[in-house]
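Chemist: Using the sequences and the hints given, assemble the complete structure.
With the working numbering applied, the sequence shown closes on residue 330, and no number is skipped along the way.
One thing to keep in mind: the hints can contain errors.
Straight-line alpha carbon distances no greater than 16 Å define the calculated EDC-like cross-link-like pairs of lysine to aspartate or glutamate that follow [stated by the list, open to error]:
id, residue 1, residue 2
1, Lys257, Asp269
2, Lys291, Asp320
3, Lys207, Glu261
4, Lys289, Asp320
5, Lys257, Glu246
6, Lys195, Asp226
7, Lys253, Asp271
8, Lys195, Asp220
9, Lys253, Glu212
10, Lys253, Glu216
11, Lys272, Glu246
12, Lys301, Asp269
13, Lys272, Asp248
14, Lys195, Glu216
15, Lys289, Glu261
Quick list of simulated restraints, FRET-style, between CB atoms [what the hints assert, rightly or not]:
id, residue 1, residue 2, range
16, Glu288, Met326, 15 to 21 Å
17, Lys195, Ile230, 18 to 24 Å
18, Ala329, Leu191, 26 to 32 Å
19, Leu317, Lys257, 22 to 28 Å
Hint data in this document are derived by calculation from the structure and do not stem from the laboratory.
We treat Cβ as the ideally placed atom computed from N, Cα and C, and that holds for glycine.
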Amino acid sequence: MNNLYTEKALRDFAYNIFIKMGCSEQHAELASDVLLQSDLRGIDSHGVARLSGYVRLWEADRINAKPSPKIIHETPSTAVVDGDKGLGLVVAPFAMNIAIEKAKTCGTGWVAVKNSNHFGIAGYHSMMALQHDMIGLSMTNAS
188 MNNLYTEKAL
198 RDFAYNIFIK
208 MGCSEQHAEL
218 ASDVLLQSDL
228 RGIDSHGVAR
238 LSGYVRLWEA
248 DRINAKPSPK
258 IIHETPSTAV
268 VDGDKGLGLV
278 VAPFAMNIAI
288 EKAKTCGTGW
298 VAVKNSNHFG
308 IAGYHSMMAL
318 QHDMIGLSMT
328 NAS
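Modeler: Below, the structure is given as structure tokens:
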């Protein structure tokens, strides 16, 4: 049997799960948006269906619900970010924003992230660059 849920119902559900995990409201909203954008694009494998996996990782202390991602190495056009075991759904946009700012200055921006987790659909993060008339690439080795 297939159940249909509104976008708002799924968004609220995901948001409340992330809040229960201990995420800030801002991080819960961002993480929920990444998941919902996946579902809305028909990429169900990376949408709300992944919530239980994030909860299991959090329960196993492999996800820090309140990370403080930070730049640990930097050049004018590159950076390395320590994600502090945060949700990749939150850390990847942090890193992409750094890449965008570097590209505005240098013409290109490259950011690598360590100590993070699954980041949802790569397209979400890549498309952030479009808002700045840039091309964005987003890759991960997290699963």
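Chemist: If a hint holds in the structure, say so; if it doesn't, say that too.
Modeler: Each hint tested on the structure:
1. Of the pairs offered as hints, the one joining Lys257 and Asp269 holds, with about 6 Å between alpha carbons and a cut-off of 16 Å not exceeded.
2. For the proposed pair Lys291 and Asp320, the alpha carbon gap of about 10 Å is at most 16 Å, so the pair holds.
3. The hinted pair formed by Lys207 and Glu261 fails the criterion: a straight-line CA distance of about 34 Å is larger than 16 Å.
4. A C-alpha spacing of about 14 Å is found between Lys289 and Asp320, which places the hinted pair at or below 16 Å, so the restraint holds.
5. For the proposed pair Lys257 and Glu246, the alpha carbon gap of about 24 Å is over 16 Å, so the pair is violated.
6. Restraint check for Lys195 and Asp226: satisfied, since their Cα atoms lie roughly 12 Å apart, inside the 16 Å limit.
7. A threshold of 16 Å between alpha carbons decides the hint, and for Lys253 with Asp271 the separation of about 9 Å falls inside it, so the pair holds.
8. About 11 Å separates the Cα atoms of Lys195 and Asp220, which keeps this hinted pair within 16 Å; it holds.
9. Simply put, Lys253 and Glu212 have alpha-carbon atoms about 10 Å apart, close enough for the 16 Å limit, and the pair holds.
10. Straight-line distance between C-alpha atoms of Lys253 and Glu216 comes to about 13 Å, which keeps the hinted pair within the 16 Å bound.
11. Distance check on the hinted pair: Lys272 and Glu246 sit about 13 Å apart at the alpha-carbon level, within 16 Å; holds.
12. Restraint check for Lys301 and Asp269: the C-alpha separation of about 5 Å stays at or below 16 Å, so the hint holds.
13. Simply put, Lys272 and Asp248 have alpha-carbon atoms about 9 Å apart, close enough for the 16 Å limit, and the pair holds.
14. Annotation: proposed proximity of Lys195 to Glu216 holds, straight-line Cα distance about 12 Å (limit 16 Å).
15. Of the pairs offered as hints, the one joining Lys289 and Glu261 holds, with about 10 Å between alpha carbons and a cut-off of 16 Å not exceeded.
16. Restraint check, Glu288 to Met326: a C-beta distance of roughly 19 Å satisfies the suggested window 15 to 21 Å.
17. Distance hint for Lys195 and Ile230: a CB-CB separation of about 19 Å, consistent with the stated range 18 to 24 Å.
18. A hinted range of 26 to 32 Å holds for the C-beta pair Ala329 and Leu191, which are about 31 Å apart.
19. Restraint check, Leu317 to Lys257: a C-beta distance of roughly 26 Å satisfies the suggested window 22 to 28 Å.
Going down the numbered hints, you'll see the structure goes against 3 and 5, while the others check out.
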